[in-house]
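Visitor: Respectively, the protein sequence lines represent chains S and G.
Mapped onto numbering that gives the first Met the number 0, the consecutive letters of the first sequence carry residue numbers 0 to 418.
Mapped onto numbering that gives the first Met the number 0, the consecutive letters of the second sequence carry residue numbers 0 to 418.
Treat the hints with care, since some could be wrong.
Pairs count within a copy or across copies, as identical chains cannot be separated in the list.
Unchecked claim - Think about it this way: if two alpha-carbon atoms lie no more than 20 Å apart in a straight line, the pair counts; the simulated EDC-like pairs of lysine to aspartate or glutamate are:
| id | residue 1 | residue 2 |
| --- | --- | --- |
| 1 | 345 | 264 |
| 2 | 60 | 102 |
| 3 | 174 | 76 |
| 4 | 145 | 330 |
| 5 | 283 | 59 |
| 6 | 270 | 56 |
| 7 | 333 | 203 |
Because the hints were derived from the structure by calculation, they are not lab data.
2 protein chains.
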Amino acid sequence: MSALSLLSKKIDEVTQRPDPEAEIPPQSSHTTITSGVGIVKTNYFHFAFPPEELTLESGEKLGPITVVYETYGTLNDRRSNAILILHALTGDAHAAGFHKGDEKPGWWDDMIGPGKAFDTDKYFVICSNVLGGCQGTTGPSSINPKTGRNYGFDFPVIGISDMVKVQKHLMDHLKIDQLLSVAGGSMGGMQTLEWVASYPDKLESAIIIATAAKHSPQQIAFNEVGRQSIMADPHWKNGNYYDGHPPAKGLSVARMIGHITFMSETSMGEKFGRRHGRNGKPHKFSNGFAVEEYLHNRGDNFVNRFDANSYLYITKAIDTFDVSRGRNLHEVFKGIEAKVLVIAFKSDWLYPASQSREIVKACKLAGVDTTYCEIDSTYGHDAFLLEVEEETHLIKYFLQKVSLENGITGENGITNYEI
Amino acid sequence: MSALSLLSKKIDEVTQRPDPEAEIPPQSSHTTITSGVGIVKTNYFHFAFPPEELTLESGEKLGPITVVYETYGTLNDRRSNAILILHALTGDAHAAGFHKGDEKPGWWDDMIGPGKAFDTDKYFVICSNVLGGCQGTTGPSSINPKTGRNYGFDFPVIGISDMVKVQKHLMDHLKIDQLLSVAGGSMGGMQTLEWVASYPDKLESAIIIATAAKHSPQQIAFNEVGRQSIMADPHWKNGNYYDGHPPAKGLSVARMIGHITFMSETSMGEKFGRRHGRNGKPHKFSNGFAVEEYLHNRGDNFVNRFDANSYLYITKAIDTFDVSRGRNLHEVFKGIEAKVLVIAFKSDWLYPASQSREIVKACKLAGVDTTYCEIDSTYGHDAFLLEVEEETHLIKYFLQKVSLENGITGENGITNYEI
């Protein structure tokens, strides 16, 4: 990114603070300034066909499994320049570029593309939708081949480690034995941690952003209230709503709770203050504050793109996640040769920096080569999608170091660059 | 309270941290140790009979109005020892003592009684249920005399100033021209601020605990999600549910959100950690964490004692409250001779200490005699009901100063005491 485009972006940020929706950021101005990955296509990978179903963390078996994924950039001959991007709670496989006819690019388009943090001139970037999701990969809204109907609540309970196991199968399918890096924020950071714990020899580096090694009771509590809201909706019907109305109101309330936790008090104050909403009709309670209108819109939009059962299963996977599995956290990282970059944001109160520092401390105790950066942002948890400039700088430099050490120096169209 | 009972309480707190429910604290051990106000009775005051209805902040008229209240201690001959206690969102008029047959005392029994912070050997303490409430005072669940049916959503929108106006009518009815003090925490603190702003000459002092001069967008957002949850419940039926099922599930979720904000991350961590719940059946999602069980219980209990429409109206009154009415906050306090005590709690993130410090700053700028104390508690917002020892110390001393200056020295059975 040129100094000019950075400046233009900076001015844009100051004059018109973006309207973030965590995991699905707005189309930012510099998408059009820098050239992106262009039109991208969706790929499908099917595996775990009976009788070789995948054995889950719970001991239950699941199969067949479809994984939807996208790739950006070119895999080099040595298959050594692959980076796996892991998405957050409501993200999807469409991390960058445009689907034909779409006006909005993928959810991390600011970070993935030629010359960007995950430089597609240099790296081969992969992103897949998680197990349990609802954007192509097998989840509760998929058809259960045994019944011919949607799984609904018959879908087995899944853990973060199951999502990662599925991603490992995808890597095997793509014949990528060694990942140059695994990177993700929020729940994507948990999957990154799980990759480090489960497949330490299969990655050269890990980029862990705005996340936790396990949820605190407060974090569990926020998710649980969201789940209760969905299950309180009479349309939920124990998860069997696919031939009728979805539990839209319950899911909308769950999402509103989420959005409160994604923003900081400062960013909410700057964005809304106590201003009144614009399209409030003169109804008793509807002519409310701008912040209320924002939450209503976010809640309403969400139900059009997300499945309520997926929300239940994925939040439960997040809450039960504990990468240490009862051990001391530093034992997880013992003997690991991968380089680790941990990024946190000062105003993030959903995943406070203290939880990132715990991860860093454990890495350091285990002797892992770890870099930590706490970015001074007011955006709260949303920062991991919005602080593109700072993240770009950190990740570019980190990946350059890792790739140089791994002999990625320019063959196969992959060139060095200045940062 | 004797040193022994304080110590016994301290030990109790350390060995068995109380299980707070904001506004309705648990029956603490020392209720039985110290003598309380004993059996108390409920009083009713009716006013605003047509055509002399009360004109509300909104311009609408409401009447007749019933106010339920309790009193503890004895009013002296000069009627100069009265203290008005103002309750929080879901509190009621039953602040101290026992109703016949009850096992649980009033919600602030730890603080009100002979020798306690609000010493009933010395002061005449009054507490009434707020306008819009559902525990005796006129609110949306009351019968609208014009229709013979519950008001429901026909109840007019109310503000904190309307609650205070009703309390002022009660004081007039009790022939109390001058209050020795007005005191309250959380929404009770907002009413206290409103008393200072609306009737500055009618009080000698004000005790403002764990509150804000106006809600931030984040505080509004939490309330709004609670309201949305209630209104999303199909049993809500635009507020006309009184002859059917109440919107219990929606109200329960709203209350769970509240409870997350009442506790600190630390207190949740200490109380629950990541322990699993006890009575979770082996159901897919129900065999959850202890913190989930706690929230379920709190939510379920709440719907048995609170009206969903009251929750809507009262939270809206809180959100629209702004004691400054657009002015600089310090202008509210200009020329006020009442002494002010402001108390905040370090771990309270629902009403962070910074909001209390804003009030203190404004008071100081206006030249008001103000004392501020930030109590180092880990209980979060619940602290205002749980940090009895610290609050007792502060309030006793503060009230002693105020009462000495007002010549309350022992007549009418009111005696000095050592603290």
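Visitor: Within, between, both or neither: how does the pair residue 283, residue 59 come out at a Cα-Cα threshold of 20 Å?
Guide: For residue 283 and residue 59, only the inter-copy Cα distance (12 Å) is at most 20 Å; the intra-copy one is 51 Å.
Visitor: 20 Å Cα cut-off: does residue 60 pair with residue 102 within a copy, between copies, both or neither?
Guide: Neither: 39 Å inside a chain and 52 Å across chains, both beyond 20 Å.
Visitor: Using 20 Å as the alpha-carbon threshold, which applies to residue 270 and residue 56: within, between, both, or neither?
Guide: Neither: 42 Å inside a chain and 28 Å across chains, both beyond 20 Å.
Visitor: With identical chains, the pair residue 345 and residue 264 could be close in the same copy or across copies; at 20 Å between alpha carbons, which is it: within, between, both, or neither?
Guide: Intra 12 Å, inter 17 Å, cutoff 20 Å: intra and inter.
Visitor: When Cα atoms must be at most 20 Å apart, do residue 174 and residue 76 count as within-copy, between-copy, both, or neither?
Guide: within (11 Å within a copy, 92 Å between copies)
Visitor: With identical chains, the pair residue 145 and residue 330 could be close in the same copy or across copies; at 20 Å between alpha carbons, which is it: within, between, both, or neither?
Guide: Neither: 41 Å inside a chain and 71 Å across chains, both beyond 20 Å.
Visitor: Between the shortest in-copy and the shortest cross-copy C-alpha distance, which are at most 20 Å for residue 333 and residue 203: within, between, both, or neither?
Guide: within (15 Å within a copy, 65 Å between copies)
Checked against the numbered hints given earlier, this structure breaks hints 2, 4, 6; the rest are met.
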